[in-house]
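Asks: Chain B: place on chain A using the hints.
2 protein chains.
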Amino acid sequence: MDYFSGILGRLIDELGRMPGIGPKAAQRLAFFLLRQDAAVVQQLANAMLEAKAKIRPCADCFFLAEGERCHICSDPRRDARLLCVVEDPKDVFSMERTREYRGLYHVLMGTLSPLDGIGPDDLKIAELLKRLQAGHVQEVIVATNQDVEGEATALYLNKLIKPLGIRVTRLASGLPAGGDLEYADDITISRALGGRRELE
Amino acid sequence: MDYFSGILGRLIDELGRMPGIGPKAAQRLAFFLLRQDAAVVQQLANAMLEAKAKIRPCADCFFLAEGERCHICSDPRRDARLLCVVEDPKDVFSMERTREYRGLYHVLMGTLSPLDGIGPDDLKIAELLKRLQAGHVQEVIVATNQDVEGEATALYLNKLIKPLGIRVTRLASGLPAGGDLEYADDITISRALGGRRELE
Chain A
1 MDYFSGILGR LIDELGRMPG IGPKAAQRLA FFLLRQDAAV VQQLANAMLE AKAKIRPCAD
61 CFFLAEGERC HICSDPRRDA RLLCVVEDPK DVFSMERTRE YRGLYHVLMG TLSPLDGIGP
121 DDLKIAELLK RLQAGHVQEV IVATNQDVEG EATALYLNKL IKPLGIRVTR LASGLPAGGD
181 LEYADDITIS RALGGRRELE
Chain B
1 MDYFSGILGR LIDELGRMPG IGPKAAQRLA FFLLRQDAAV VQQLANAMLE AKAKIRPCAD
61 CFFLAEGERC HICSDPRRDA RLLCVVEDPK DVFSMERTRE YRGLYHVLMG TLSPLDGIGP
121 DDLKIAELLK RLQAGHVQEV IVATNQDVEG EATALYLNKL IKPLGIRVTR LASGLPAGGD
181 LEYADDITIS RALGGRRELE
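Residue numbers (the numbering used here), protein chains in the order written: chain A, 1 to 200; chain B, 1 to 200.
Hints were generated in silico from the structure; no laboratory data involved.
This structure is a prediction, so every number in the text was calculated from the model and none was measured.
Each hint should be verified, as a subset may be incorrect.
Any copy, or any two copies together, can satisfy a pair, since identical chains are not distinguished.
Simulated pairs of lysine to aspartate or glutamate, DMTMM-like, Cα-Cα distance not exceeding 20 Å [as the list claims (entries may be wrong)]:
hint, residue 1, residue 2
1, K130, D60
2, K90, D37
3, K90, E50
4, K90, E14
5, K54, D37
6, K90, E68
7, K54, D13
8, K159, E87
9, K24, D91
10, K24, D88
11, K24, E96
12, K159, E127
13, K159, D147
14, K130, E68
15, K24, E87
16, K90, D13
If we strip away everything but chain A, and leave its shape as in the complex, we get:
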């Protein structure tokens, strides 16, 4: 895109580095920003810089925190006997959206993935075991994704944690709410079958 040179070209390049923003979208965003008041652009730039400067991984669970510990770990009303293990900070938001879970979290910062060279030492597993050894946790809910890496990570964690005498559970796998049997894939159906429950 050598039609865009100088300052505008640099802005388009920078915007185009973000995920899901192709060259056309980057141009559209750049033109949008040029049309805005300087104060609006300043606000956006400030929001980025402030978030980057102030948001850090929580010292306990590695979720996003504005201080030393995140708002969930700092909340005395949360049930410290339950620990939900997720892959990524954004998974915490997904769990929180249900408003059902009242325990704490532990973010692994990835999953075991030998093909990508990611082993146990690249994840926050040592930190997880240290938390468990403190002795408050009675159940670890493994909420890694239902894909090969997520499953492998869940099995690996189970092997490590069970010997500590702590219950390890996994989120149920099955048909999604509103899901149509006709459109479900084989693995989903066989998992739903394996996890079937008696009606009361």
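Replies: Relative to the frame of chain A, chain B by itself:
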């Protein structure tokens, strides 16, 4: 989205104000930015602020300029006898991409649109007439969009400019390159028919 509060929530809100960025995309961009090095985020913020601070409408043609006049108006190799009138600065980039046009531009900053309350005084029409009165221009190519507002603006400009003894032309309307007759709409086909040319 009250799951996102504080600094992260503000960042997501700010990102979500950009066009084509919905709440989910804004979240994805925010998490992306948090994962980047501080220097990367700083660069993006700087590119925005610099573009906003330094890019101004060209004093002559209202295209984007880093100084007083844009790089096209400042280029002595451009043909000052040809003036292409477009709606928006980004239309200049579209024209330049062809590498065929070597004249100058005039950006109207919109089109006549009575329903939106946009009349001639809201556009850069007075500035256009002033440029034409300087006497260099021999042909005005009206390249407003081929929609109702663009057509109305072209007709309006024609009425104003023709009495000055300057030729007024309009970009051809017809089937797009690679266009299939089967999928073309009626108006496009009838315009293509009206504008048919004899083969040499």
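Asks: Each hint: holds or not?
Replies: Going down the list of hints, with the structure as the test:
1. K130 x D60: The answer is within: 10 Å in one copy meets 20 Å, while 68 Å across copies does not.
2. K90 x D37: between (32 Å within a copy, 18 Å between copies)
3. K90 x E50: Intra 19 Å, inter 31 Å, cutoff 20 Å: intra-copy only.
4. K90 x E14: between (24 Å within a copy, 18 Å between copies)
5. K54 x D37: Answer is between; shortest inter-copy Cα gap is 13 Å, intra-copy 26 Å.
6. K90 x E68: within (19 Å within a copy, 46 Å between copies)
7. K54 x D13: between (26 Å within a copy, 17 Å between copies)
8. K159 x E87: For K159 and E87, the Cα distance is within 20 Å only inside one copy (18 Å; across copies 66 Å).
9. K24 x D91: between (30 Å within a copy, 13 Å between copies)
10. K24 x D88: between (30 Å within a copy, 16 Å between copies)
11. K24 x E96: Between copies only: 16 Å across chains, 35 Å inside a chain, cut-off 20 Å.
12. K159 x E127: within (16 Å within a copy, 76 Å between copies)
13. K159 x D147: within (18 Å within a copy, 66 Å between copies)
14. K130 x E68: within (18 Å within a copy, 63 Å between copies)
15. K24 x E87: between (32 Å within a copy, 19 Å between copies)
16. K90 x D13: For K90 and D13, only the inter-copy Cα distance (16 Å) is at most 20 Å; the intra-copy one is 26 Å.
In the structure shown, no violation is registered for any of the earlier numbered hints.
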